[in-house]
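Trainee: One-letter residues, chain by chain:
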Amino acid sequence: MPKTTLFPSTQWFEALAQRMAHEEAAYRELGSIDCTMVVKVEASQGPDLYELAFEGFKARSVRRLARLEDAAPEHFVIEASLATWREMIDNIRANAGPDLTHTLNYLTFPDEPMRVTGPDQLEVDAFYRYNQSLQRFFNGAADLPTAYAA
Amino acid sequence: MSKYPPGKYTPAVEVGLDRMRDMAKGNFDLKWMHSNPQGWGHQVTPGPTGLRMRDIETGYYGQVPEHGSSHGGMAPRGCEVPPGTRALSMYTMNDMSEVWAENAGLLYDEAVVRQWNSITDVPWHKLQKLPDDIERAVCQMCTGLSEVEFVAGDMPAKWLCRINHDFHEVKLFLASQIFDEARHLDVFRKRALANGGGLMMASPGQEELLATILEAPDYTTASALMHIFGEGFVLTLFRQGEYLAPTEVEKAIFRLCMQDEARHVAYGVKHLKYFLERHPDRTEQVHKILDLGEQAIFTLTLEPQTSEPRAILAGGGLANIELGAQRMAFIYAKQVKEYLRRLEVAGLDREPRLTIPKEIPYEDLAA
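If you read the protein sequences in the order shown, they are chains A and B.
Add 1 to a position in the first sequence, counting from 1, and you land on the number used in my numbering.
Add 2 to a position in the second sequence, counting from 1, and you land on the number used in my numbering.
If you are wondering where the hints come from, they were derived from the structure by calculation, not from laboratory data.
Don't take each hint at face value.
Some, not all, of what chain B presents toward chain A, calculated at C-beta under 7 Å [what the hints assert, rightly or not]:
no., residue
1, Tyr245
2, Ala264
3, Arg265
4, Arg343
5, Val347
No farther apart than 27 Å at their CA atoms in a straight line, the calculated lysine-lysine pairs in the DSS-like style are these [claimed, not checked]:
no., chain 1, residue 1, chain 2, residue 2
6, B, Lys160, B, Lys192
7, B, Lys290, B, Lys360
8, A, Lys41, B, Lys336
9, A, Lys59, A, Lys4
10, B, Lys290, A, Lys41
11, B, Lys27, B, Lys5
All C-beta atoms, glycine included, are put in the ideal place defined by N, C-alpha and C.
Generate the whole structure from the sequences, applying the supplied hints.
Mentor: See the structure below:
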């Protein structure tokens, strides 16, 4: 059995950050990225928050937040239920990338099952500005055996 | 006998020849080597991605004058301009507030580093034969986008050559936008022609909106109308295009265009903010141009050649066009909501002045 990494967890996002670092050439082709993304996972025991700060071609930092107010002032939030995150990650793993109905834009565009929010619209717009890079970041889950919180 | 006897050439050529004679005798001027002492010795530190505009525009070179240089030429900001240098009469936009946005340099850096092209960055080999109604819907959508996209090239181009060269961050950003829009026109035209279909029907509604943008009385109102309002609405259409994409080809096209469009919107929002903070008395003028834009876009949004192809794609085919229209009814409310929120960032409370409905109650209308 391959070793699995729990989603959501700091380790899971750090594993994607490591993949990003290893694939710098591919990220360079997409261009630099300069934003802070908060991933919010709604689970039965309450929301789980992770802040990822991107700079250049790297994820500069990954940290778990106790509350959204602890995030950097300039950020956007992608939020969904654990089931939705799980479906997206499993789809990426099954197809070595998302199929047509599991891209970040597809899942967030109608505001459900995923939603993008932020302190103001320009922060939300950063999700659109860097969409290719953010999609590639999550595509890093393709070869990351993942287990899910109960 | 000299090949260059005095009086053979025009005075300008004679001056040049005299200079050559001096140089041939070892008499060089070299004054330029000691020009602009305050600008010499500039230190830069590259950023994490390389040497960006914001890394070099610091200290002496980062000082942007509220009123652009009076020499009226193309001399770069921060250099020494010799007395008597000819002014060019075309630069009539000399106040920083007319064009500036604090993110212009950053967005230019981003534009150049996030470039793409329609030849190799779109997986054209993944195009596949689509049902006739779907192909027609995609081609109509691409026809409309080919028509509307280059206004965001023509509008900046109209004003670019009037902007004082001291505001080069803005000029370079607008130049990058013009090329972005060239790529958008190119890629949508390419998609319409690439899969056995072709261009379909133009949009009179779009032409109304384009005319309002191109005929705006000044740059800031044109920018509010185009960068924030028009491109904001189109940004949502690009997101919708990715959502409805029948293949990975359209998916890639819309995702790439979406990124560019969001950059243009970001400039527009920050420019309007900068402008209104300095000219609150011009708020009404901005409202008035948005009145016109809202009326034009409402007509445009409901025009059959704009709305119906998207309804066909959302429904999965012509047979389900009603279902598709119902599914996509939320998009208009989303466009209006994001438009109002962007204006809020710019410092403009538009909601009380909105001249169009905030949402279209599709089900009520259908009943």
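Trainee: Next step is simple, just say for each hint if it's right about the structure.
Mentor: Verification of the hints:
Given the 7 Å rule on beta carbons, the hint for Tyr245/B holds: about 4 Å separates it from the nearest Cβ of chain A. Look at Ala264/B: its Cβ gets to within about 4 Å of chain A, closer than 7 Å, so that hint holds up. Against a cut-off of 7 Å between C-beta atoms, the interface hint on Arg265/B holds, since the closest Cβ of chain A lies about 6 Å away. Because the beta carbon of Arg343/B sits about 4 Å from the nearest beta carbon in chain A, less than 7 Å, this interface hint is met.
Residue-level restraint check for Val347/B holds (minimum Cβ-Cβ distance to chain A is 5 Å; threshold 7 Å). Restraint check: the Cα-Cα separation between Lys160/B and Lys192/B comes to about 26 Å, which is no more than 27 Å; the hinted pair holds. For the hint pairing Lys290/B with Lys360/B, the CA-to-CA distance comes to about 18 Å; that is within 27 Å, so the pair holds. With a CA separation close to 22 Å, the supplied pair Lys41/A and Lys336/B stays within the 27 Å bound.
Between the alpha carbons of Lys59/A and Lys4/A the distance comes to roughly 25 Å, so the proposed pair stays at or under 27 Å and holds. Restraint check for Lys290/B and Lys41/A: the C-alpha separation of about 40 Å exceeds 27 Å, so the hint is violated. Taken as a hint, the Lys27/B and Lys5/B pair is honoured in the structure, with Cα atoms around 18 Å apart against an allowance of 27 Å.
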